[in-house]
Amino acid sequence: MPGPLLRVRDLVTSFQTDAGLLRAVDRVSFDVPAGSSVGIVGESGCGKSVTALSILRLVQSPPGSIESGSIELEGKDLLSLSPAEMRAIRGNDISMVFQEPMTSLNPVYTVGAQIVEAIRLHQKTSRGAAWKRAVEMLQLVGIPSADTNARAYPHQLSGGMRQRVMIAMAIACQPKLLLADEPTTALDVTIQAQILATLRDLRGRLGMSLLLITHDLGVVAEHTDHVIVMYAARVIESAPAASLFTRPRHPYTRGLLESIPRRHVPGDLGPKPRLSTIEGLVPDLRNLPPGCRFADRCPMRIDACTKVEPELVPVDDDAGPHESRCIRANEL
Amino acid sequence: MSDASSSKPPPSLPPPSLPPPSLPPPSQGSARDVGGTDSTRPAAPRTLLAVERLSKYFPVERGWFAREEKFVRAVDGVSFRVRRGETMGLVGESGCGKSTLGRLILRLIDPTYGRIMYEGRDLVPLGQSALRPLRRKLQIIFQDPYSSLNPRMTVKQIVGEAIRVHKLASNAADETRMIAELLDQVGLRRESIDRYPHEFSGGQRQRIGIARALAVQPEFIVCDEPISALDVSIQAQIVNLLQDLQERLGLTYLFISHDLKIVEHMSHRVCVMYLGRVVEQASSADLYDHSFHPYSRALLSAVPFVEPGRRKLRVLLEGDIPSPIDPPTGCTFHPRCPRRERGKCDVEVPPLERIDPASEHKVACFHPHLD
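As you go down the protein sequences, you meet chains B and P in turn. Each residue of the first sequence is one higher than the one before, counting from 720 in this note's numbering. Each residue of the second sequence is one higher than the one before, counting from 123 in this note's numbering.
Okay, chain B solo, but in the shape it has when bound (with noise of 0.2 angstroms):
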């Protein structure tokens, strides 16, 4: 059996701060297969985007550093590779969609020539057959008049248009894997609908893996197969999209299902009941608690919580591998 085509084991990234060293990811391991669809979920400064960026190895160098781990796209390893090695796997095996459309292009050119200097920088193609191919891409990605619409400046598009120009970009040279990173919380929700759309129909055409990072549960559930939860720099679940939200195995993961609003059932006219809510606040990444990271903030907290961190160990799930960070595990 072929493995994963991303696999990341024990990452840790830090950043040097005036308060001393945080780690901003700590020792997160987790594999995206083939052709599948991956999503880490976690509230802010829980160190998703971190992940991403060290993946890419864009994490800024000072402050920031890949302290230790591996990351393997196809058994080779990327933190071993040379600055000019790296930047040809950048955008060609694997590219990255961001959250903000507007900062990411350049307002100076146009969104064509964009993607031809794309192309061209990984691909030794004429001028003219890098233009047609970035056409066809925007036409891929579901922009109207796309011949035209190739000429257009960014600050010409709409928001949703841009994150689609983006998304053309990043799969112009058929990347085996594309990281999105909340690439539609910036957008209206009709548009986040048809973005999604674009990029599950655009996966099943390119057979390209994706790593969605968001803090969107409702996204994360239909778009997905597989889910790691992120809290305070840890994964402390990594499941089935299915069975994380039909039976989530980690207090914090419950509590951030049942904090949302669920949906409305037809015909209740009934009072509407109070949100559940997760007491208390994330701890300071600079000034961790010794055991859990949750355990402060954990309904089910008991004395071991407090002593010795868990580990991230596997529970029983017929709908495929799950883990959890939690001594409570088997109970929920």
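Check before you lean on any hint, since a few could be wrong.
Simulated restraints, written as ranges between beta carbons of each label pair [what the hints assert, rightly or not]:
1. B:Ser864 x P:Val182: 17 to 27 angstroms
2. B:Lys851 x P:Asp232: 47 to 57 angstroms
3. B:Gln735 x P:Arg168: 54 to 64 angstroms
4. B:Gly923 x P:Pro479: 47 to 57 angstroms
5. B:Thr844 x P:Glu470: 49 to 59 angstroms
6. P:Val338 x B:Pro1040: 51 to 61 angstroms
7. P:Pro457 x B:Thr965: 36 to 46 angstroms
8. P:Asp448 x B:Asp1035: 56 to 66 angstroms
9. B:Gln858 x P:Phe180: 31 to 41 angstroms
10. P:Arg225 x B:Ser787: 47 to 57 angstroms
Simulated from the structure, these hints should not be mistaken for lab results. Built from N, CA and C at the ideal position, the CB exists for glycine as well.
Given chain B, put chain P in place with the hints provided.
Relative to the frame of chain B, chain P by itself:
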């Protein structure tokens, strides 16, 4: 400041998009007459706020010889009523005018047309000094708790400012006591009183913003995306706090959000806006059970929900929201609408009408029953 009789457009303004009879005659103070677009049904006496044909056109792009002026029709002939103690939800996508509407109601910006009846009294003709006592009753909670609090002021100064402006405390000790009680109410520790905004997390800052709004004992609060900048686990805390405060203090909310799940949870009734107009208005339960406007349908179906196995049929809209500078003629939704009828929808503006005479469910569509 214009009064009701001079609220005719100055010559350079475009005429209102909604056809005459533009404004109903000024009502004589009784809240019962307010917003009576349908004379057979007297308004519920509990109406606190009624907005009538409210419009705001922002000028853009003056022509070279100042002949042709263009306008963004940010809010275009919006009417609705909010009852005392209820939450009216306002949903729509960016640029639909929902935030402008909230600011118009508070008279933070001046409307181009229309009336804002608060307890039967029109706020539009009032000048700043006449408005001041009313400002105590109408407050706002902003979206971004990072930029809406002055970083150089302590919690005490931020919350106490309004108390001083409205002279609500008899002396300094009284003021401190009031601030401490407000902090209790919003779930902040009394010790936080001398701290600065940067010492708090996003959720705590939003609590400071709520305490500031509550400081003047308001009746009506515009909540403009109050939880959009917060993390999921914190959102639930703030939503619960707003609901608790509503019950305890009898507050009335205009709850503006693009998060349809939260709006459903919070609101008794909901208005759906598209390009400056209300396209559908109903009780929250009715709207989410069965919406009639094709835009509401697409909007509601676009929300990803976490219940697996309940993936639903998604109505994907074509294209983007058109520019409000040159909005499409007729029904502004017609270029994206699967039900559009040529010669009708692209010509006439559909009025917001009851789906049937007995219902409070209103929709602005010529073909509400087509699918």
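Holds or violated: 47 to 57 angstroms for the Cβ distance of Gly923 (chain B) and Pro479 (chain P)? holds, 49 angstroms
Measuring from beta carbon to beta carbon, are Pro457 (chain P) and Thr965 (chain B) in 36 to 46 angstroms? Given range 36 to 46 angstroms: holds, Cβ gap about 41 angstroms.
Take a look at whether the Cβ-Cβ distance between Asp448 (chain P) and Asp1035 (chain B) falls inside 56 to 66 angstroms. holds, 60 angstroms
Honestly, do Ser864 (chain B) and Val182 (chain P) meet the 17 to 27 angstroms range at C-beta? At roughly 26 angstroms between Cβ atoms, Val182 (chain P) and Ser864 (chain B) fall inside 17 to 27 angstroms, so the hint holds.
I want to verify a distance hint. Is the separation of the beta carbons of Gln735 (chain B) and Arg168 (chain P) within 54 to 64 angstroms? With Cβ atoms ~60 angstroms apart, the hint holds.
Go ahead and decide if the range 51 to 61 angstroms is satisfied by the Cβ distance of Val338 (chain P) to Pro1040 (chain B). holds, 56 angstroms
How does the Cβ-Cβ distance of Thr844 (chain B) and Glu470 (chain P) compare with 49 to 59 angstroms: does it lie in that range? holds, 52 angstroms
Should the hint that Gln858 (chain B) and Phe180 (chain P) are 31 to 41 angstroms apart at their CB atoms be regarded as holding? holds, 36 angstroms
Distance restraint evaluation - Arg225 (chain P), Ser787 (chain B), Cβ atoms, bounds 47 to 57 angstroms: holds, 52 angstroms
Mind checking the hinted window 47 to 57 angstroms against the Cβ distance between Lys851 (chain B) and Asp232 (chain P)? holds, 53 angstroms
Taken one by one, the earlier hints all hold for this structure without exception.
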